[in-house]
Every structure is written in C-alpha cells, then in structure tokens.
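Chains as they are written, first to last, in our numbering: chain L, 812 to 1054; chain G, 812 to 1054; chain W, 812 to 1054; chain H, 812 to 1054; chain U, 812 to 1054; chain D, 812 to 1054.
Honestly, I wouldn't trust all of these hints.
Same chains, same label: a pair holds when it works inside one copy or across any pair of copies.
[To be verified] In the SDA-like style, the derived pairs of lysine to any residue whose C-alpha atoms are separated by at most 20 Å in a straight line are:
| no. | residue 1 | residue 2 |
| --- | --- | --- |
| 1 | K1033 | I843 |
| 2 | K1044 | S1034 |
| 3 | K1033 | A873 |
| 4 | K1043 | N901 |
| 5 | K1044 | R1054 |
| 6 | K1033 | V834 |
| 7 | K1033 | P933 |
| 8 | K1033 | N1007 |
| 9 | K1044 | I843 |
| 10 | K1044 | E962 |
| 11 | K1033 | D881 |
| 12 | K1044 | R930 |
Please keep in mind that the hints were generated in silico from the structure rather than gathered at the bench.
Number of protein chains: 6
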Amino acid sequence: MRIQLINPNTCQGMTDKIASSAVAVALPDSEIIARSPAHGPESIECAFDEAIAATALLDVIAEGEAQGVDAHIIACFGDPSIDAARELANAPVIGIAGAAFQMASLISHRFGVVTTMSRTLPAAHHLLERYGYAHLCSGVRATDIAVLSLEHIEHSVYQQLLRECHAAIEQDGAEAIVLGCAGMSDLATELSIELNVPVIDGVTAAVKLAESLNHLNLTTSKSGQYASPLSKKFIGRYAHFSR
Amino acid sequence: MRIQLINPNTCQGMTDKIASSAVAVALPDSEIIARSPAHGPESIECAFDEAIAATALLDVIAEGEAQGVDAHIIACFGDPSIDAARELANAPVIGIAGAAFQMASLISHRFGVVTTMSRTLPAAHHLLERYGYAHLCSGVRATDIAVLSLEHIEHSVYQQLLRECHAAIEQDGAEAIVLGCAGMSDLATELSIELNVPVIDGVTAAVKLAESLNHLNLTTSKSGQYASPLSKKFIGRYAHFSR
Amino acid sequence: MRIQLINPNTCQGMTDKIASSAVAVALPDSEIIARSPAHGPESIECAFDEAIAATALLDVIAEGEAQGVDAHIIACFGDPSIDAARELANAPVIGIAGAAFQMASLISHRFGVVTTMSRTLPAAHHLLERYGYAHLCSGVRATDIAVLSLEHIEHSVYQQLLRECHAAIEQDGAEAIVLGCAGMSDLATELSIELNVPVIDGVTAAVKLAESLNHLNLTTSKSGQYASPLSKKFIGRYAHFSR
Amino acid sequence: MRIQLINPNTCQGMTDKIASSAVAVALPDSEIIARSPAHGPESIECAFDEAIAATALLDVIAEGEAQGVDAHIIACFGDPSIDAARELANAPVIGIAGAAFQMASLISHRFGVVTTMSRTLPAAHHLLERYGYAHLCSGVRATDIAVLSLEHIEHSVYQQLLRECHAAIEQDGAEAIVLGCAGMSDLATELSIELNVPVIDGVTAAVKLAESLNHLNLTTSKSGQYASPLSKKFIGRYAHFSR
Amino acid sequence: MRIQLINPNTCQGMTDKIASSAVAVALPDSEIIARSPAHGPESIECAFDEAIAATALLDVIAEGEAQGVDAHIIACFGDPSIDAARELANAPVIGIAGAAFQMASLISHRFGVVTTMSRTLPAAHHLLERYGYAHLCSGVRATDIAVLSLEHIEHSVYQQLLRECHAAIEQDGAEAIVLGCAGMSDLATELSIELNVPVIDGVTAAVKLAESLNHLNLTTSKSGQYASPLSKKFIGRYAHFSR
Amino acid sequence: MRIQLINPNTCQGMTDKIASSAVAVALPDSEIIARSPAHGPESIECAFDEAIAATALLDVIAEGEAQGVDAHIIACFGDPSIDAARELANAPVIGIAGAAFQMASLISHRFGVVTTMSRTLPAAHHLLERYGYAHLCSGVRATDIAVLSLEHIEHSVYQQLLRECHAAIEQDGAEAIVLGCAGMSDLATELSIELNVPVIDGVTAAVKLAESLNHLNLTTSKSGQYASPLSKKFIGRYAHFSR
C-alpha cells in the first residue's frame, strides 16, 4: 500500500525526520510518501499558524488522491484540517494525535502528553475532548521547546523534555507518555528506556493504523459528515478547487 | 466606532444583505465596513469550504487591523477561524453564532437553531459545546436550503424555513429561534411575528455586542491564548504573513 | 429606554454605587432607575441570605413592571431569583453574573472570577454550570471580603482583592478577571490598568446587554418556561401576589 | 425522635395527606410533626411560586429548630430552599425529591419520574443534575395535573397519572417510577400493584432516611457550605431574622 | 427482617468486625447474617482480586436467596458484582460505597473519601461516576494501608488514617468523610469526634438503607436490567449455576 | 508473534468462528491461538453471565502468559475482565469492543452499534463511556438475537440483523456500523456490501491492533493501575492464584 505522510509545516528537516520514523515501522510492502505543503508557515505553534497550514495541507491531500494513495497521515499534533481532509479524500485520513491517544489507551489507564509551546495546550485539550480521551489523560505539559529546534535536538532541549516527562509520571500519575509533536518521533525509544514507561509517538502509531485499516478493507464512510464537498465556485488563489 | 463586518463567503449579494441588517441596528456613530475575502468558496457548506474560507478571512482581518477598526465580526454561522483571528487582531472579534447564542440565552430557557444544510449540523453542535450552550439548546434543525439561495429568498424557501421553525417550537420545545445562517438575517422580524416567539439573528446580535465591548472599554486579552502569533517565515502564497 | 437596576441587598450605599457605575456606561437615552427592596438582609453572603432576598426582590420586579420599565437588572453576583423574575416580568431580566461571563467569553479564552466570601464559591460554581461557562473559567477565588466593606473600600481591602486577582492570572492562567460582586463595580478600570488584563464588572455589562436586547427588539419568550405564573391564592405576607 | 414534616404549600389538605403517609411508615418512636407555612402560595407550580414559598418555609425551619426537632423534611418535589434550610438548621434537612431518587437508584437501573405540570420539568431536571441522578433517570413526564387537584384525586386524574406511568415504563424504559409530587404520596402502593414495578414516594422515603441518619448519629456538617448564616441586619418583614 | 451481610474477602476477622458494626445500628427485629465466600482472595486490593471475589460472592448471594433473606449487603468498598447480584437476587442488594455516598450527600455539600491502597483509587472514582456523586466529592485519598492490617488496627495505622482525613478536610475542603473500606467501620465514631465533622461508614449506612427499603416495601425491579439471568448451561466449576 | 484469542464463552462453535475470522486478517507471521475457558456459561448475555465468565477468563490469561504469548484478545463485546487481565498479564490485552470503536472513529463521524440482547445495552453504553466514544456513537440497537444462534446464522436471524443496521443508518444517522458480538465477525464483509457503509468487526480490529502494538514495541505499562496484583492467599477453587 502507499501511505502519504504529510508534514503540514513547510520545514524540510521535519519532513525527513518523520519519513525516517515512519519507514522504520512500516511493513515491507508499505510505501511511505512524505510531503510538505508548498505554502504556509515553517512551523505550527498557534491557532493562526494552524489555520494557514490547514488550507495548504488540503492541496497535498488532493495531490495524494490524484495519485491514488491508500491512506493519508496528517503529521502535526493538532491534527489540523482532519475533517476537511476526510471530506476531500476517498482514502482514510489519520491524525497523529488521535493515533497516539488510541495506542496509549490500549496500554495504560492514564497517559500524559508532553508537548512543545504552552500556547498549544488548549489545542491539545480540544483534541482530547474531541476524540473522547480527556478522562484517560493525566495531564498535558508544555516544554516551551520551539518546534523548529526539534529538527536537530540539542542536549539541553532533550533534558527539558525529559524533565517534563518525569513530572508527568511522578506528579500527574502518567503511566505512559504521548509525545506531543511529530518532531519528537525519533525520541520515543530512547525516552521509553530512560523513563521505564511506554512512550508513544503519533507518527509511527498512525502508520500502523493506516496499515490496519487497509488490511481490514475499511475506508472513510462517504455517507454523512464526510461526504465529498459540494461542487461550487472558488475564486482567487483557491480557484483550482472550483468544480 | 468602526466595525469590520466580514462575510467569509465570496458572494457579494450576501455581503450586501448583512451590511444592510447591521446598519439597521447600529448606533448612529457606529460605522459598518462590510467586506468579503478575495479568495475562497462562494458559500460555506462543509468543513472543506470552511477550512479554505478560514484562511482568506485572516487577510481581511489583517486589512481591518491595518485600518484600525474597533471590532471585527465574522458573519458566518460556523464562526470560522475565530481563535486565529483573535490572535491576529488587537480589536475584539465576535462570531455571529456565539453572539446569537448569548442573546437567546438571555430571553429563553431553551432555544432552537434552524440552519441550512444537514452537513453543517455537526459544526453547529460543536459550536454549542465550545461556547457552553448545548444544554440550553432544544435542538438544531437543518432546512437543506443552499446558502446561495438565501441571497434572494423565494417563497418556497421561506416556507421550508418556517416549517422547521414550527417543528423546533412544537416538537423540540424551543422557546426562541436562533437563525443559523447570516443569509437569514433579514428574516428575523418577519419570522418572529409569524411564530410568536423571539427570533435571533447573529449578525445584528454581534453588532450590539461589538458596541457593548467598545463602550465598556473591553478588548481581547493579549496575555495567554490570544497573544499575537510568533514571528516566523511563511512561504508561497502566504509569504505576506512572514514577519 | 428605562432600565430598573435592582440591588437585592438592602444597603443604600451599594445601591448608590452601582447606580453611578451604570449611569457611566449607559447610552444618553437610557434612564437608570436604581432600587433596593424594602425587606431583607443588608447583604447577601450565603444561601439563607439569598433565599430571603430573592422574595423581596420580586416585589421590586413587580413594581418596575407596573411602571413599564424596559428591562430589569438583578445586581447581585448570585443572580438570585432570576427564573422567577423572568416569569413575573414582561421586560427582559438580566443577572450581572451571567452578563459578566458573556462579556468575558468574548475577549478571553479563560477568565477568572474573584469574589467575596468563601461560602459563596459554590453559588458561583453553580452559576458557571447553569450558564455553561464552567469550562471557560480558570477558577473562582474568594477574598473573604465582607460585602458591606465594599461600600467604602479601604486600602487593605483593595490590596486583598488585588492579591487574588494576581493569583488568578499567575497561578490559574486567567486571561481576564470577572469581578464577583456588584460592590466592586467601581474598581474595574483601576484594576484593569494595574493588572494589564481586561477586568469585567457585571453591572456595566448588564446595562449594555439590556440596551442591546432593546435595540434588537428582543424580550423574554413567554411561551414555555418563562410564561407568566398561574393565578392562585397567596396568604399572609404574600397575599398581594394573589390573582 | 421528632421529625418536622413541612408542606411548603399553604393548602392544609396536602399537609394532612402527607402526614398520614409519613405516619404509616414511621417507626413507633418517631413523632411526625406536620406543618405548612403561614405565608405563601397555596400550591407550588413554577419558579415564582417556589421562590415565594422558599422564604416562608425558612420560618417553619426556625420554628422546628426552636422546638429541638431531630430532622426536617421538605415535602415538595422541588426540594425548595434546601441549602438555606441546611444552613439555618442544626438538625438534618431532607428533600423528598432527593430521597426518592436515592431509593429508586437502589432498586432499579433506570427510574422514571412522573410529575404534575409541564412547567415544573426544568426544575425536576435541575434536581436530577444537582443530586447526580440524571444518568439514572429514563425520563421525566408531566401529567399536567394541577397540584391542588391532588388533594382529593378523581378517577380521571388517576387515569391520567396511570397513563404517563405506563408511557414511562413502555416508551422510556423506566424500571421503577418516582412520584413527582408530595400530593401523590397515597398512591404509591396502588400504582405499584397496577404497574408491576416499584413506585417510590419521596415523603415516605424521606422519613426512613431521617430515621436512618438519626440512628447513625449523623447530622449536617456545620463546617463549610452549611455553616450557620452570618449574623446581620434584616429589615422589613424579615426583621425577625436579624441577629 | 433478615439481612445477609457479605464480606467478599475471605478473612474471617473482617467478617466478625463488620458483623459487630452492623448489629450495633440494626433495629431490634433486624437479624444480621454475616458471611464470607468459601473461595477467593483474603483481601481485595486490585481489579484482579475484585474479579475473582466477584464470582465467589455470587454463591453467597444464591445461598442467602435460598434461605429467603430480605436484603443483601455487599460489604466491600468497590461494591463488587453488584449488577450481577441484583440480577440473581429477588431481595434488594446494597453496596457499602453507594450507601455511604447517599448518607454523605444528605449532610454535606462536599464529602471526602479516605481509602486503603493507591491502586484502588480508580475503582473509587469509577463508583463515584457510576452512582453520580463525583461532583459532590472533594477528593479520594489513599492511605496505602493494607486491607488486612485493618483487622486489628495499630496506633501507627490509625495515625496514618487520621492524617489523610485531616488533609481531606483542610486541603480538599471535605465537609464530611466517607471511610473507604469495610475494615474501618469500627472507627467512624472515634474519628468523627477527633475530626469534628461527620464520618460515614458504609456498612452501617447500608444496614439502615436495607431496613428502609424493607419498611417501604421496595425491592429490586425485575423488569429490565435486573431481570433474572436467562437459563443456560454452565460448565466446570460453575456447573451449579446451570438451569 | 503469537496472539492468544480468547472466547470467554464456553461454546466451541464460537471459538472456531472467531479463530477463522482472526486468521483471515492476521499477518503471515502472526500465530492465532484461540481458546475458551474450561469453566463458565456457554454464552454471555447479562451481568451475571459476565461476572462468572470474567473469572474463568483469567485462568486463560494466566495460561497464555505461561506460554509467553505476545498479546491477548478478549473476544466478547463486553470486554469482560479487561482491567484484571491487564494487571495479570505482561503482554498487552485488547478488548474487541474497544478495538472496534477505535477503528470506527477513524473512518466515520458517528458510528452505530448493533448488538444481541436488549439486556446488554447498558453494558454497551458503559463501554462507550469508559473508552470515551459515547459522543461518537449514533446509538446502540439490540436485535434480541441470542448469542448461541450466531454459531450458525439462519436467514431470519440475518434479516433481523440487517433490519437494525438499516435503522441505525437511516433513523440514527450512523455512518458506519460496529457489530456488537464476536459471533457476528463473519458477517462484516457481506453486511458492508449490502449496507454500503463500513462495517467494523471487533475481532479482526483487535488482531490488527495487537500486531500494531507489537511492531511499535508497546506493551502494558506496569507502573500504576496495571501493576501486577499483590501476592496474597486465595482459598478454595481459586487457591492456584495464591502467591
């Protein structure tokens, strides 16, 4: 199967990193096609960034659909544009936050989330509510690490992350840790060994769910909320969406 | 004061209609500046339309800010992009759905919402949850009237709307009706007389709330969630947002 | 329009203070008629006080109705008797707690409430639940300032209030402050400057909402929950309510 | 022990009826002192009636306290003034709605409530939320029987009640029925036989809970929310509450 | 009446202790039949222990039913197997956690729970949700006292318990304390005197509720969720349940 | 990897059926070991059946652990004993209800559940709450098909099932269907074609999740709620659990 892995940020370093994480867990016959949009912010760290990125991401979804990919993964912890993407695509669309919550709930009673900037906390809480995992989350902690500094992680940044993971476990009662940014995907194994609890990265979790849906012959229901968008006129820089 | 009234759809007819509704209730010294974006769908009827419109709307917010308007109103019942707009703007930003719910809750124990397409129902329910009004809403009813057919309302369309309002009152126990589309703003008075319950239009409600905040010297808190977006690089068609 | 502003406490000093706050924000053609009941406690600081005050307040509502006022404001943060008042009155009835929550939710993601006695905390939480704002509130903090000491505010009392506001912002993450007592209405501007976040007073907020409803031609729905009370016999000191 | 059984309505017929129901289930050494207030509405059927009755009821609580009763029962399904009464009294105060919900939850998975006027439905729902039983209730049904017509129940009124009980069981899935008015207390046995499910009357349930608390040496905690009201000045017709 | 009081643990010391607590509050004509199962763990301290104990407990329910007891009490704070027991029995079945929550809610606005092992906290929270008392609970505190060490309580164990009760009152705002283990039933009086707030033990609370249901002629509804189990074949060590 | 697939019912026909469904979707190197307990009811259709089956199931978990399996699947829609099993096992434990809800939420906005007996409805609702999917479920419908009649499905039984699926889609707005019994696992494909919406079977969903966890190197967190049970004495028929 072919899985389109989308980094909604426009920084190439992040795209390369998540592609590598995804390939490491994919089945031999799963092809990972990693892409980032041609338009938008280099990193997503607030509602404004997310709103802009959300639109450009839909161009990538459309591109993947045109190529007939079998699944799309939105590899940004806010799962931006996921409803719009599910409307646009025939292939299933998986967000990495939702994927990580699902895996975490299978192996712990309460999981903690450790994420980047404090400003993204409301977005994380919103996702926990939306997907129904708020009562299974022991807390969301921000590290105030900038997303771009995760492209190449320095020692001090790693220590900062480690500190909040420890606090999640010892103060909040987290039994497992969900990493709250695609840019942390290469740290899951190392952190898990150091912390002695399961550490879940959403990128790899999403790859396995994409493969699972494929093997189960399940794809987005097009009756109801995720039916294709109605044909209509779009103007200006979105005229290509007119149908 | 100057109030920027934004129709996130790109259809001019709707913009003219809501401008006229807004002017009718505005105080003498409130100037209404009605605008619609230069890019995007002619109407918003699903999550895909909304995601595209949300971005273009932020250009209009930026334009209003540059001109120093005193408030922004997002005149689409989904209150699209409201968090991003509040980050971007210094002036307060009011969504018409939120405004209508507020007014409805002051004059009824349970209000009903009558909206356009069935597909927008989840968005309406999401807003009721987000703003905290779900328990005060007797139900949301779709008319399956297309947004564009509200530019010039035919008799049959009006009858369809009336029918769902009656059902909201008689079957669901609505004590007041919230109109679920900016395009219905010119119908509130007529419907209220016919139905004999208060009928609330969000466009006019938002104008009064904008004036109220102005008189109270209240504007968006820039400490916390609605702080200005971090400066960063945007590429492609959003390069103008780079700072 | 004529707005009846009711102080449900029987202390005249408080009535004078809130009248002055209300007049300061009212439109030129809004007449403020400030009243307090002829019966009841000099201040409301627990459920017992509130139950007693609630009844006497209804006499004032009836008086205002007889005079044909266009709106009633219940200027006590517990919004006492609001359902009963809405049944009794034809003019809309606005509580200052509800009004303050509405304004706060338009300009912040999370607001804090700073109130008087610790014992009133459950009442504040109940109102947040009732109106649907609990999830938008970062916390309610008591100052243990007695209501009557707000008639003429001493320096130490102001400092105590300021301390809890700071705690709400710094410890609870409040992005705006709602003042939890009508007796604090003259402090909003001063506190806002000192705290550098918006500070919302319910008395002035309610005045603007009363004017807004009036301009929108909206008044309490009399079909359903807020229909007029059934005619029946009352005995003893409430015989005047018999119809 | 001595149990003060308060009918907050001023109709003597109802007081006599509930006294008789209470005596029938009381232990031999439990003395039932049935009282109704000297002031207020002859029946409670909306928020306005309840607000007025709530105050007069506190006089009766005070009277019982002066006589040293061991428990108070508020025998009106809205449990009016219960928080204020718990503050005022040293003896425990039990409301019949709360008592009925407790018993119903011990013997069924989902219980239905059958009550009087449609307008009292929001009050019933509010109580279910307040006490935490909303998720255990299959629905609340109004019969639109006036409270006073329950003093002497005619055949047609009984049939109406029976019809809604059947609907609660067959349409809503109720496994037990809670009677939503003190005036129905003499019908529990007859209805239970006819319906073949348990039928719970709050008056008798409250008597047993009052005795239970007494045998367990439990009485209202006076630390915290139910501490005695602060001493203060009351004026006018409530001057007797000044301390 | 005859009340079967079941200790689901297999330790006889606990059975003797709760029998003595129950007898102390029972009416003269209430016979307490205390039993523990012939199979299972000596104490219940995690989900595994509870699952095993739950089954053996059903044998005891069956035994009591065969003898025609009038009520069953499950005297373990997790209220294990209560739904299954209600299906199996004709007599009502009362759990001590549910019973304690009911009594606590009658005499306090917020009660705290003080229990044994930290691992049982999720079970306590689950019960609070299930019965609807979560919003009335100020917090659940574990003492990490092993259940078996409650058979004969040493001074240091009592001090540990006292410490957490104080913390519940002073830090969490508990107005009353619910003891979270049947093995603490003999401490309620002593603790109540020392703490100066009501202390509720579920064993004695359940006895009074059992008597109350009996006097009210109320027993488990057998229509719906608690209907008798369908006849079917059981094999192996549960073959005796075949019908 | 080796996956122990447990049918908690004692009917061999069901075990064979689910083994065959599991094998059909398993990866080539996943070995499916299907087992049913040596003790307990031939089918699980109420809380009593489930309580009995829950215990015997733990023997099977212990057996699988002794053999070093890599995952356990509890193949009964109530996910019986899942917490106890997670404590007992080192390998992850997956319930088929939870697994089905996860897959359904990835491909639909609202899914419906179609299950067996009406009495199991509360158990299904409880699981939806526990896992956090209640708001994503359009409704649970019972077919009143006995579990054992699913071993060999007759035409009339299939029609009954089809009828409720249609009702879930057309009346409740389900966009996908979750099959509420392991015994329906062989019908998913056929029903999906007939209904034209995705149909999710929990047995196959659980197999894919078990493989996913394995590839991600994730297993149950043993710190916190799912730590191994404390060593203690068990008597009678559970003496083998003593440690």
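Each hint tested on the structure:
no., hint, verdict
1, K1033 <-> I843, "neither (25 Å within a copy, 33 Å between copies)"
2, K1044 <-> S1034, "neither (23 Å within a copy, 39 Å between copies)"
3, K1033 <-> A873, "within (16 Å within a copy, 36 Å between copies)"
4, K1043 <-> N901, "within (19 Å within a copy, 34 Å between copies)"
5, K1044 <-> R1054, "within (7 Å within a copy, 32 Å between copies)"
6, K1033 <-> V834, "neither (29 Å within a copy, 29 Å between copies)"
7, K1033 <-> P933, "between (30 Å within a copy, 15 Å between copies)"
8, K1033 <-> N1007, "between (42 Å within a copy, 9 Å between copies)"
9, K1044 <-> I843, "neither (33 Å within a copy, 27 Å between copies)"
10, K1044 <-> E962, "between (39 Å within a copy, 16 Å between copies)"
11, K1033 <-> D881, "within (15 Å within a copy, 36 Å between copies)"
12, K1044 <-> R930, "between (36 Å within a copy, 18 Å between copies)"
Checked against the numbered hints listed earlier, the structure breaks hints 1, 2, 6 and 9; every other hint is satisfied.
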